[in-house]
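**Student:** Those protein sequences? They're chains A, B, C, D, E and F, same order as listed.
Under the working numbering, the first residue of the first sequence is numbered -5, with each subsequent residue one higher.
Under the working numbering, the first residue of the second sequence is numbered 642, with each subsequent residue one higher.
Under the working numbering, the first residue of the third sequence is numbered -1, with each subsequent residue one higher.
Under the working numbering, the first residue of the fourth sequence is numbered 203, with each subsequent residue one higher.
Under the working numbering, the first residue of the fifth sequence is numbered 7, with each subsequent residue one higher.
Under the working numbering, the first residue of the sixth sequence is numbered 17, with each subsequent residue one higher.
The set of hints was computed from the structure by calculation and includes no laboratory data.
All residues carry an ideal CB built from backbone N, CA and C; glycine is no exception.
A couple of the hints might just be wrong.
Here chain A is said to cover these stretches of chain E; the calculated rule only asks that three of the stretch's residues, wherever they fall, bring their Cβ under 8 Å from a Cβ of chain A [what the hints assert, rightly or not]:
id, stretch
1, 7 to 21
2, 24 to 34
3, 37 to 46
4, 53 to 62
5, 75 to 83
6, 90 to 97
Residues per chain are reported as follows:
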Amino acid sequence: MSQAADLPLWAAIAVSAFLLLGSALALIGTIGLTRLQSFYERLHAPTLGTSWGTGGVVMASMIFFTVTEARPVFQEILIGIFVTVTTPVTLMLLAQAALHRDRAEANPEVPPWATAGTDLEKDAPGAVD
Amino acid sequence: MSVLPYPLLSLSLVLMWMALNSFTIGHLLLGSVIATFASWGMAALRPHKPHIRRWHLLPYLIGIVLIDIVRSNIAVVSIIVAGRRQRQRSGFLTIHLDLKDQTALAILAVIVTSTPGTAWLEYNSSNGTLLIHVLDLVDEQEWTDLVKNRYERLLMEIFE
Amino acid sequence: MNLAHHLIVAPILIPLVTGAALLLFDERQRTLKAMIGLASSLLIFAVAVALFRFADRIDGPEAARQGVYLLGNWAAPFGIVLVVDRLSALMLVLTATLAVPALIFAMARWHTAGAHFHSLFQFLLMGLNGAFLTGDLFNLFVFFEVMLAASYGLLLHGSGLQRVKAGLHYIAVNLAAALLFLIGVSLIYGVTGTLNMADLAERVATVGAEQRMLLEAGAGILGVAFLIKAGMWPLNFWLPPAYTAASAPVAGIFAIMSKVGIYVILRLTLLVFGEGTPSSGFGLHILLIGGLATITFGAIGVLASQALGRLAGFSVLVSSGTMLTAIGMSSGGITTGALFYLVSSTLTISAFFMLIELVERGQDAGASVLAVTMEAYGDADADDEEEEGGGGFAMPGTMAMLGICFAACGILLAGLPPLSGFVAKFAMLSAMLNPAGGDSAAPVPAYIWFVVFLIILSGLSALIAMTRTGIRTFWASMEGTAPRVLVIEMAPVLLLLFATMLLTVQAGPVMRYMDATTEALGATHHYVDAVTGARRVGAPGQEVQP
Amino acid sequence: MELILSLGIGIMTGSGVWLILRPRTYQVIIGLSLLSYAVNLFIFGVGGLKVNAPAILTDGVPVSAYTDPVPQALVLTAIVIGFATTALFLVVLLASRGLTGTDHVDGREQSQ
Amino acid sequence: MSAIILYYALTAAHVMLSLAMALALLRMIRGPRAQDRVLGLDTLYVNSMLLLLTFGIGSGRTIYFEAALIIGLLGFVATVALAKFLMRGEVIE
Amino acid sequence: MPEKFLLLLLFLPFVGSIVTALLWRTAARTLPAWLAGGVALAATILTAFYYPSVTNGKIVRFEIAWLPELGLNFTLRLDGFAWLFTMLVTGIGFLVVVYARYYMSAEDPIPRFFSFLLAFMGAMLGIVLSGNIILLAIFWELTSIFSFLLIGYWYHNANARDGARMALTITGIGGFCLLIGFLLLGHIVGSYDLDEILAAGEVIQQHSLYLPALVLILMGALTKSAQFPFHFWLPNAMAAPTPVSAYLHSATMVKAGVFLLVRLWPALSGTFEWFWLVGIAGISTLVLGAYFAIFQRDLKGLLAYSTISHLGLITTMLSLGSPLAAVAAIFHMVNHATFKASLFMAAGIIDHETGTRDMQKLSGLFRFMPYTATLAMVACAAMAGVPLLNGFLSKEMFFAEAVETHADSILDRALPYLATLAGAFSVAYSIRFIHTVFFGPPPTDIPNPHPHEPPRWMRFPVEFLVFACLIVGIVPSLSIGPFLGTAVISVLGSDTPQYSLHVWHGVNLPLVMSVIAMIGGTILYFALHRYLAHAEDGPPIFRHLRGQRIFERILVTVSWKWARWLEANLGTRRLQPQLRLVAGISFLAAFVPLYFSGFEAKLPPLTGVDPAFAMLWAIGMLSALSAAVVAKYHRLAALLMIGGAGIVTCVTFAWLSAPDLAITQLLVEIVTTVLLLLGLRWLPKRLGKVDDSTSFTARIRRLRDFAIAATCGVGMSILAYAVMTLPVPDTIANYFLEHAYTEGGGRNVVNVILVDFRGFDTMGEIAVLGIVALTVFALLRRFRPAVESIEVPEQQRIQNAYDHDQPERQEGDTVRDYLLVPSVVMQWLFPVIITFAIFLFMRGHDLPGGGFAAGITMAIAFLLQYLGGGTRWAEDRLRILPLRWISLGLLVAVATGAGSWFLGYPFLTSHSQYLTLPLIGKVPAATALLFDLGVFVLVVGATVLILIAIAHQSIRTYRVKTPPKPEDA
Ligand code: NA
Ligand code: NA
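With the hints as extra help, turn the sequences into a complete structure.
**Tutor:** Below, the structure is given as structure tokens:
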């Protein structure tokens, strides 16, 4: 922690605050993951970690390195962006998988297969398989 | 195939390159070359190409999403910390979407899912219905409004 | 640094480049690929012979240093070195001697039985040659893996139930061995701080007692990895099924694979735990006892084998056991004989594996096995249809030739005269019972009797088994069903058997080479000096920098 | 550090060994993966453990301050080879399962 | 002073994130269904990414950044594959 | 004669053999015979010319260095005794060839016969001419091999096959023993040279290894000469064509044993051990052989046992250790060869003419073939020891020696009686031969009812030999005398006794014994006459104790039943025990040295434990243990668990200052997870309880496995702790740290090691990856899924059914909707990941990253498109040619390495410097970067190939398995 000593106090406080915020959110998220009752509820918990949990730590890191290296450091933002973009993909794929399994097992907790619908034009994505 | 099939993408990639390395002219040049190559790779995939009509609304969108995320963070933290003492009412919610643009849908999905407390479950393209799950489903209409009025309308303005 | 010096790395690079380049050709251009592969193998053979001749002339430190190749121009022990000495050159020549016939044999039909045969074959050669040449412990691991990876591919070449079943065991056991190799190497590095074998030999002397224990533990674990490869009982049960399941040309080249383990054990025991080192004689007892157990198990297996393939597989074990025993006895004369035996038995087993396929082709069992393979293979892709007779002419006098070759193999395996199997056995037994100088007063230790007994017994079991199967195959059942054998299938077998004959006739010079090899192996400090004394290009005392 | 890591290596090894002694091919491949973690960590460990050591050459830092790069290089090679062999083993076990109809390591169910 | 503040904050962050990882593992072990386990693993990944970022702050070196970035950018690939396997019984169709 | 002609003499038959073999397709029957006869005759003549060179104890020696360091030279040595034997081998060989020319039928493969016969002749000559005992052993084994081939000549006949195998097994075992015996002789004397050994008799006999050497050599000699109890192979060898019996099994090969005893007589004989060992074998063979001969139904069987008995006689004489007896032995060897060969030939003629050799069927042949009958009768008389025939002379000498006292013992004293008894037996079987075959009523029950005299030249060899019997019998000193003398002197040298070769020595004890034997034998025969006419084959009492059957049974039991049992119990074909052994032995290999060095596992101090690190590893351990527990029934859970263990490993690497490892492990982790998932598709869905896990044995097994696993785990912990806490040695790493930047041009030492210091490792490593990819690809081309896995997975069926049922939906809509949003994100990430891969690649030399990490990242970019869009979609858009990438990667790496050759440096020498580019600044431009490019390219190709090859299985259609059609090769 050689550079830490050179850090101005305000920066140290800011870094620490963001760090603790991020870590705490991540921890609370996982607490939710263990404590929430159904899978669909648990699905919400990790987003704490991936939203402001990540945000906090990323901010802490950015402030820290910007101050210690005396130049603006943005690369951590990329982590924030990537996590924000990729986590939803994971969660929605997982949730839908769970949904389909529950429906296949006729679990009453979940909404059944949609049977009615309007004749909407198909806007097919790339997946042709 | 044009040399720069996705200018916005290429620009983002250059920025990414420079963020990863450093903001120097050298890396601007190098990054441009690499970004051009990478965007050719993108072009090879022949993806659905979005038409952004009112891109100046994008920062606004990002802004409201960030605020919403902060809000819902607090909400969800309180739910988790409160634990079983306060039994939350979670549930499924079906919303009919008018949004058709694939990219816009993707952005909506990212917004909905990134926001703690709401999760995008299933979109049925044949009738445009969206199934979401909400952790704290006190008022269904409030959530429907959130998605329909706050996000979908904005996205439709940007993309359609 | 003259051009010839770069030849040292050629046995690794030629097959690598060939194997890689062959991937650029379409699978359907098999003949072209085969020709390129053959040309490459012949080139490797020529290089190996050149290196062999170089190694044979090594006397004095300067020549020995010429046999050291500093890869990346980094001095030992920092960079990786390749070392040509008599032993490695011998192994190179032996490998190439097996490779050419095996490849020719494969060109008759087997190379059509699956994808990328020729590339895999070249990569196997690369792995083998690298393992023989390298003077670095971790680089040895890498080449072991190259060799194994290619051998997995070649073993599974042609697919089919037997191959896949045997392959699964083979791979599982060898993966375990690879992990042990890593543990052993890293322990040794942790204790000595080096990976270079010569440097290791030097540093071993200075290691403190506390560390020495760990060094020996590392060596023990490493030894297990090598012994698995070498096929020591009870770590060898994977070997007969794997070698039996492999297609004939593959088994033909696999004959050298168990010898890689032997080679490494021979080199490292002498280098690191040789005379005069603090841990001198480490593990020799295990090698001796394990070797004897292996001979016994191999001989029993040979007797118990109904199918020729298994018989050959167990012969590999007998051969390994004999080598391990000889190394475990750690006497110069015995090692000399054992090296001769190594060459002879490897050639024999290779020829035998290929012969078996030809012999069994005449029998219903063999034909249907082949048919199954072909069916399995021809079914997936239309472009791999067998190019029947693509290689050439049917062999005249097939039965007579097969019979003669079979008899020759039997004679070689049993160690009967007049072929090299006898000379090898005689050389070893003679060294055991009649150590050089013929000090007739010296009593023969009891364990030597046991060794002699087992070696003879293994020969006898080969004799009994080979007559039994030979009679059944040639005399009792093959009446009138001469298989169609192509000249390019028979010629490789004959070539290898001819090599054993040459070995017999030239036993004198060959044995002198082996003797010099043994002597060089014993003179650890020469090896160490050669490796550590090899100078970088551009370093003082070297030719002018270009 | 050392104590915890060695315990961890031991547990991974034990679990891996247990799994490779099981009769199902899938268990074996999982066991091999665990073993390869254990071995990679072991190799890494022989260089000695250093927390917060510079990973990149920096001017003015004495040689002794760095972690030993050699085991790291060895681990990298081992990781690659481990990946390759895992892939291979997987495909062979699939082939074996396809041809024999069972996922037993011996290609047939044992009655024993 | 700065160093002390940062030291305590980092230690607390380490402990919290490790604890978070442990809880994620707990979900992986408890399940009860495959999707819960996958969710647990995904969370484990994200938390370890955060842990890596805190290492970076702790050491003052940016070399941990790549590892974190890889988790952020590519970590989801494994989870996506798992999710798709659950949904379709097949990863690549 | 020059010495080198010995070589010609020896090789003439071998060359002839090869030439004859090359005639394998010629129709001519006579050509091979002419060739063989010519060779034999030439050899005989050549030998004859050597006679002057060997008289009076002179020796012709010829030596070629072969393996001089080991004392094995190609030494040929001809002395009087060898000369006599050479004449026998070549001369009788010639006669046998002539005989065989007529004996062999047109259907037989004639060239092969003569080829083997000539080869045998060469081998036999080799035994006789060897001047080095190892060389002798070589030819010794060769005779066994050719004998095997000749006995099995008619291999369609089961008896021939069995007989051949038995002969080879017995004589082969003997040969191995002989070799060891010779090696011991060499050990004692210090040389394998025959002359030196013969001169070292005293040394040998006083050496402590004399007895083992003697026993081993006798094993060789006695098996070869069919001495009791190894005699039984010879009667079974009678399945050979008769010329073979005549040549090998009466005149020459079986004589090799006694030849050897004579050869080594000066060195080995005269001791108590010699007398007892050789004597017991000889006398029992003499008596039992003769006894058995009486009761044979088969003509050749009778002759075979007679041969055994006569060889026993010779052995007995040699056992006595007296020079006179040795003379008699040598003399009898020659005599026996002449009369027995002629008798075999006669038997062959009879067989040839009548179609049977069964004496109970043969009768009164004299009237059909009087000439042959007469010849046979004379030869029989010689065999019986009738005066005026050669057999009588040597037999009298034997009787004379028998009554002498040699080594006073019960054996010595019993010898005269036993000798007489055997003499009587031999008279009996000789009479039986003549009486049953030639006299009595004409045969009624023979296959060929009109036998007649054989062709003129078929009879000639018999005539010649019988004539020799007569000449030697009547005028011994004029005929055989000088030659015998020469032979005897060469063996006995100065010990040569005075002996006389006269027919009449007056009425003495030997003559009385002869007379008793004559009368006794005659009486015995006529007493047994009726019994023999109908008795079953074989001697009374011993009939059921047949060596052959015992041998077969032992052979089968030991070499087959026991061997199979042992092989099954000493080995295993199952994987689990093998891995158990590997684990257990590895543990021992590590801890036995530690134990013996006094290693103590010290309890480490529990200080300085970082709670977060402890927590991290609690996760790691729990993951590993859970993976172990759930892997059987919850595959996916196990996969997730090792993912947990993997991430802990990554974090540990990062924590402990190894970011490169963390990155690589992480990337590999991701790919491996996808890989295993791809594989899971093809594994059985969910296992029922397959094994009875509650059974006691199952529990014991698991307990044992648990013990092994726990032991290995504990062991690994101890080792790891011990090595981690070891003081750091002076490692090569210091050099790397000091030179990475100055000479390697990179600040990331790990990367500089990988691409420069130890770039060769990396080259090998990428080769491994490429090879594995090829193997995976090749194997999957043949892939056949299990039947129940061919179907589309259950989830897809349900979803497709749903799509199908909904009017507004089409099949596949579910998956399309499912991936609608994700695929957009994945596509947009594609260029991002590519950029990131390039980033990782470019900075590798100075910072964490590098070709491998970049390659995997790139592969993941591709993989993601396959995941999102499916195989067809992705391949419609991305033309990836992974094989090309693999090839290119390897070639680039090698080319980079080879580039340094042009500057005169060794392979892989890197050249690095920092280029200062305008605007960009200092850029590292090491050739190592180019090498790393090769790594990158290969890794992309190999990883993609592996993943895609498996993925492709899902879109392949599998034909229903058809049973394999037999295909003619
Ligand atoms: Na959400
Ligand atoms: Na790197």
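**Student:** Taking the numbered hints from earlier one at a time, note which ones the structure violates and give those numbers from smallest to largest.
**Tutor:** Of the numbered hints, all hold.
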